[in-house]
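**Student:** Protein chains in written order, with numbering that gives the first Met the number 0: chain B, 0 to 353; chain R, 0 to 510.
Quick caveat, the hints were computed from the structure, so don't treat them as lab data. Note that the structure is a prediction, hence the values are computed from the model and not measured. The beta carbon of each residue, even a glycine, is placed where N, CA and C say it ideally should be. Misleading hints may appear alongside valid ones.
Claimed, not checked - In silico BS3-like cross-links for lysine-lysine, where the CA-CA straight-line distance does not exceed 27 angstroms:
#1 R:K22 - R:K386
#2 B:K338 - R:K189
#3 R:K22 - B:K338
#4 R:K344 - B:K231
As the list claims (entries may be wrong) - DEER-style ranges, computed between Cβ atoms:
#5 R:G271 - B:A138: 23 to 31 angstroms
#6 R:G271 - B:I141: 50 to 58 angstroms
#7 R:A121 - B:I141: 34 to 42 angstroms
#8 B:L179 - R:F370: 25 to 33 angstroms
#9 B:V50 - R:T58: 34 to 42 angstroms
#10 B:R207 - R:T58: 52 to 60 angstroms
#11 R:H371 - B:I27: 26 to 34 angstroms
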Amino acid sequence: MSHAVAHPPVTGASPNLGLLLLKARTFIALILVFAFFAVAAPNFLSAANMVIMSKHVALNAFLAIGMTFVIISGGIDLSVGSIVGLCGMVAGWLVLYGIDFGLGWSIQFNTFEICVLVCLVGIAVGVVNAILITRLNVAPFIATLGTLYICRGAAMLASDGRTFPNLGGNPEYGSDTFRLIGAGSFLGLPISIWMLIAVAALAAYISRRTPLGRYIYAVGGNERGAALSGVKVNRIKLFVYMFSGFCAALVGLIVSSQLVASHPATGETFELNAIAAAVLGGTSMSGGRGRIGGTIVGAFVIGVLSDGLVMMGVSAFWQTVIKGLVIVAAVVVDQAQQKLQARVALQAQAALGK
Amino acid sequence: MDHPVGLQIRGGVKVYPGTRALKSVDFDLRMGAVNVLVGENGAGKSTMMKVIAGVEQLTEGRILMNGQEVQFRGTEDARRHGIGIVFQELNLFPNMTVAENIFIGREITRGGVDIDMAAQRAETRRLMQRLEHDIDPDTLVGELRVGQQQIIEIAKSLAQDARILILDEPTSALSAAEVDILFRVIAELKRDGVGIVYISHRLEELIRIGDYITVLRDGAITGARSMEGVDVPWIVRNMIGEASKDFAKEVDHPYGDEIFRAEDVCLPRAGGGLAVDHVSLSLRAGEIVGIYGLMGAGRSEFLECVIGRHAHATGRMFIAGAPLTDRSIAGRIARGIALIPEDRKNDGLIQLATIRENMTLSSLGLFTRFFHMDLGAERRSVADFVKRLTVKIASMENPVSSLSGGNQQKVVIGKALMTGPKVLLMDEPSRGIDIGAKAEVFRTMRQLAAQGLGILFVTSDLEEVMALSDRIIVMSEGRITGEFDRSVATDTAVVAASAPGQARPEQELVA
Numbered sequence: 000m001s002h003a004v005a006h007p008p009v010t011g012a013s014p015n016l017g018l019l020l021l022k023a024r025t026f027i028a029l030i031l032v033f034a035f036f037a038v039a040a041p042n043f044l045s046a047a048n049m050v051i052m053s054k055h056v057a058l059n060a061f062l063a064i065g066m067t068f069v070i071i072s073g074g075i076d077l078s079v080g081s082i083v084g085l086c087g088m089v090a091g092w093l094v095l096y097g098i099d100f101g102l103g104w105s106i107q108f109n110t111f112e113i114c115v116l117v118c119l120v121g122i123a124v125g126v127v128n129a130i131l132i133t134r135l136n137v138a139p140f141i142a143t144l145g146t147l148y149i150c151r152g153a154a155m156l157a158s159d160g161r162t163f164p165n166l167g168g169n170p171e172y173g174s175d176t177f178r179l180i181g182a183g184s185f186l187g188l189p190i191s192i193w194m195l196i197a198v199a200a201l202a203a204y205i206s207r208r209t210p211l212g213r214y215i216y217a218v219g220g221n222e223r224g225a226a227l228s229g230v231k232v233n234r235i236k237l238f239v240y241m242f243s244g245f246c247a248a249l250v251g252l253i254v255s256s257q258l259v260a261s262h263p264a265t266g267e268t269f270e271l272n273a274i275a276a277a278v279l280g281g282t283s284m285s286g287g288r289g290r291i292g293g294t295i296v297g298a299f300v301i302g303v304l305s306d307g308l309v310m311m312g313v314s315a316f317w318q319t320v321i322k323g324l325v326i327v328a329a330v331v332v333d334q335a336q337q338k339l340q341a342r343v344a345l346q347a348q349a350a351l352g353k
Numbered sequence: 000m001d002h003p004v005g006l007q008i009r010g011g012v013k014v015y016p017g018t019r020a021l022k023s024v025d026f027d028l029r030m031g032a033v034n035v036l037v038g039e040n041g042a043g044k045s046t047m048m049k050v051i052a053g054v055e056q057l058t059e060g061r062i063l064m065n066g067q068e069v070q071f072r073g074t075e076d077a078r079r080h081g082i083g084i085v086f087q088e089l090n091l092f093p094n095m096t097v098a099e100n101i102f103i104g105r106e107i108t109r110g111g112v113d114i115d116m117a118a119q120r121a122e123t124r125r126l127m128q129r130l131e132h133d134i135d136p137d138t139l140v141g142e143l144r145v146g147q148q149q150i151i152e153i154a155k156s157l158a159q160d161a162r163i164l165i166l167d168e169p170t171s172a173l174s175a176a177e178v179d180i181l182f183r184v185i186a187e188l189k190r191d192g193v194g195i196v197y198i199s200h201r202l203e204e205l206i207r208i209g210d211y212i213t214v215l216r217d218g219a220i221t222g223a224r225s226m227e228g229v230d231v232p233w234i235v236r237n238m239i240g241e242a243s244k245d246f247a248k249e250v251d252h253p254y255g256d257e258i259f260r261a262e263d264v265c266l267p268r269a270g271g272g273l274a275v276d277h278v279s280l281s282l283r284a285g286e287i288v289g290i291y292g293l294m295g296a297g298r299s300e301f302l303e304c305v306i307g308r309h310a311h312a313t314g315r316m317f318i319a320g321a322p323l324t325d326r327s328i329a330g331r332i333a334r335g336i337a338l339i340p341e342d343r344k345n346d347g348l349i350q351l352a353t354i355r356e357n358m359t360l361s362s363l364g365l366f367t368r369f370f371h372m373d374l375g376a377e378r379r380s381v382a383d384f385v386k387r388l389t390v391k392i393a394s395m396e397n398p399v400s401s402l403s404g405g406n407q408q409k410v411v412i413g414k415a416l417m418t419g420p421k422v423l424l425m426d427e428p429s430r431g432i433d434i435g436a437k438a439e440v441f442r443t444m445r446q447l448a449a450q451g452l453g454i455l456f457v458t459s460d461l462e463e464v465m466a467l468s469d470r471i472i473v474m475s476e477g478r479i480t481g482e483f484d485r486s487v488a489t490d491t492a493v494v495a496a497s498a499p500g501q502a503r504p505e506q507e508l509v510a
């Protein structure tokens with residue numbers, strides 16, 4: 000959440016302090032939630048629990064990062080949960096069978112090749128979403144709702160609804176390292192966390208320091224204005240849906256590797272958690288506003304909250320209610336921040352004496 | 000002539016966080032007359048009108064109507080007292096029809112539930128007739144030009160039978176003929192005893208229509224009198240406290256070679272016919288060409304064809320002799336064309352983004368190596384343009400929406416200039432900005448032309464087109480109907496050429 004901007008010199012400390020607190024609210028919420036469970040839930044602070052929890056959070060965080068770009072650009076991607084399921088099935092299929100052309104022989108892949116192919120599948124779904132939205136003028140909500148069903152159906156069809164078990168891989172093909180994606184660790188951190196760090200850093204860099212990132216905000220803020228300024232709006236939209244598909248493919252890989260099995264129902268309702276994390280992190284559903292850092296903190300708040308409540312033995316029904324309350328509260332506070340921020344900017348302008 | 004005072008403000012103070020927008024003003028609003036209100040942007044005109052319309056409440060002071068103190072807690076209260084307002088920023092629903100917009104919030108219903116569309120349509124048609132505009136009640140407002148939308152706004156408050164009608168810059172997007180129509184309507188209302196408050200930056204217009212004038216400066220009233228004997232220098236003196244700034248031509252500079260040429264540019268209209276009808280023109284480096292015409296004459300559409308907004312436009316264009324084949328906006332910007340759109344809010348700026356991000360949006364390539372942006376270089380460049388264009392900002396990191404209209408316009412101009420254009424297209428560059436900012440914008444245009452840019456600008460303001468242009472092109476019904484050199488152009492000739500209905504025969508004569 001730390002990013003450096005030169006803040007305007009504003010008179011009066013109180014709105015500034017209030018604004019700072021509001022801006023950091025998701026982070027403060029995370030600390031509060033964390034502190035609460037540290038006291039209330041036994042073993043919450045144990046290293047083993049931290050690792051498990053961060054793995055849970057990572058899955059949602061990947062999706063939420065992709066979702067953040069889509070929402071900032073003024074769209075929505077409901078298909079990510081299904082892409083997770085589909086990509087998991089593709090990964091399972093490739094590990095078990097390779098590609099069989101029915102000629103009596105098949106092509107087998109090593110782990111790296113499988114990862115590339117699976118990511119391409121996720122990106123391809125993103126391309127389909129983008130084409131529907133930009134070329135065929137389908138509203139993002141409907142276009143991605145359609146691909147949500149299509150991908151889920153395709154995942155079911157891949158195995159007739161059954162699970163692909165025992166994705167141990169085959170040393171002969173070099174796919175026995177497949178399990179390491181979910182189970183391996185490096186310097187004490189799980190591989191999936193390293194991947195999250197890499198993707199998050201990449202996304203944050205794109206959003207802050209590249210023209211692409213600037214254009215994503217511009218398209219979400221005012222599509223017509225952006226187009227008239229020479230922004231290639233369709234390309235920007237293509238990118239955000241591709242990136243979202245890519246993030247979902249990564250989650251599909253990680254889940255099937257962690258479970259050493261892939262089930263076609265994996266990822267159901269993941270898209271809702273991703274949207275919740277993005278919104279909790281201050282992303283505006285109407286586009287043009289949001290931050291990768293905020294989204295990641297948002298994903299942690301949701302993850303810590305649900306894992307902590309499980310550890311305290313709170314019923315699953317209450318967990319759902321509490322999650323909903325947190326999301327609603329986050330949006331209400333967000334509105335207050337917007338108001339205050341606008342006032343501070345106006346004051347600074349008024350202080351110019353005109 | 001005696002005009003009773005219908006509404007008074009006594010000792011009105013309005014404090015916004017950090018500023019005093021009104022400093023103890025006393026204002027009398029006379030019925031059956033046009034009360035003109037003038038002042039630079041930020042002088043407090045709009046604030047005072049918002050107070051009267053119930054949008055804002057006075058911090059101190061009283062409002063009296065017919066000697067009785069009244070309190071407006073909201074627009075609904077004000078409306079009950081017969082006060083109607085047309086805001087400078089249009090408040091319409093683009094996705095609804097003209098009739099639905101006019102009756103929004105007070106629909107004609109049967110039994111309070113079922114909307115009587117037929118009655119609304121009939122009433123809308125009557126209003127449109129009164130305003131002498133041929134707009135179908137079932138047209139979606141989003142499909143209308145900005146000027147037509149302004150007519151709808153005016154119709155909306157006419158429909159409410161207001162006793163006091165506030166018009167905040169109603170003519171900023173209207174052409175001379177439409178202004179005449181509006182003035183006739185105002186005269187009619189005056190006869191009916193309606194008190195009209197009229198805010199405008201067009202001083203000649205104020206003198207022509209006003210009965211009483213009130214001048215505001217920095218939240219205080221600096222002059223209030225009957226309009227008799229008032230002239231432009233008097234108004235300007237009270238407004239800015241110094242002698243009139245006129246935006247006449249400075250030094251003459253020689254023109255360069257032809258920098259832009261358009262041949263046979265056509266744009267089909269949604270309902271059939273051509274919005275831009277075989278327009279051909281050329282522009283030389285250092286030349287300022289003004290395109291004058293009525294609303295809907297195809298002026299803005301022509302500029303949009305040049306920038307590449309309409310994929311189905313036809314015709315050939317050349318930049319410095321080389322054909323312009325790239326159809327995308329980005330490609331045309333790269334070839335040296337830049338557009339400053341008419342509608343700042345919807346086309347020109349990203350309201351959520353900061354001043355810095357808005358200014359550099361078209362030219363991020365300048366600060367980018369491969370894919371990495373140099374934010375320091377970006378900031379330096381923005382600071383440079385802010386200084387050159389004298390934009391008044393507290394910080395370039397503030398949202399662009401916190402700026403006044405004139406400063407927002409300068410940000411849009413800065414954005415266009417950052418792309419290093421050869422041809423600058425400006426659509427109503429002075430719309431909704433105050434006289435000081437206007438003069439600065441015009442001075443900037445002159446400087447740019449002297450630096451060798453070709454400038455093509457569209458305006459509905461006759462005075463502006465006469466004062467600024469080296470050459471004037473008049474459009475009507477999608478065609479060019481007149482072309483005048485500055486030295487020979489006269490008001491009457493230009494206006495005559497802009498009148499609709501004569502384009503076709505003239506074209507036939509040529510053919």
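**Student:** Are any of the numbered hints broken by this structure? If so, which, sorted upward?
**Tutor:** 1, 2, 6, 9, 10
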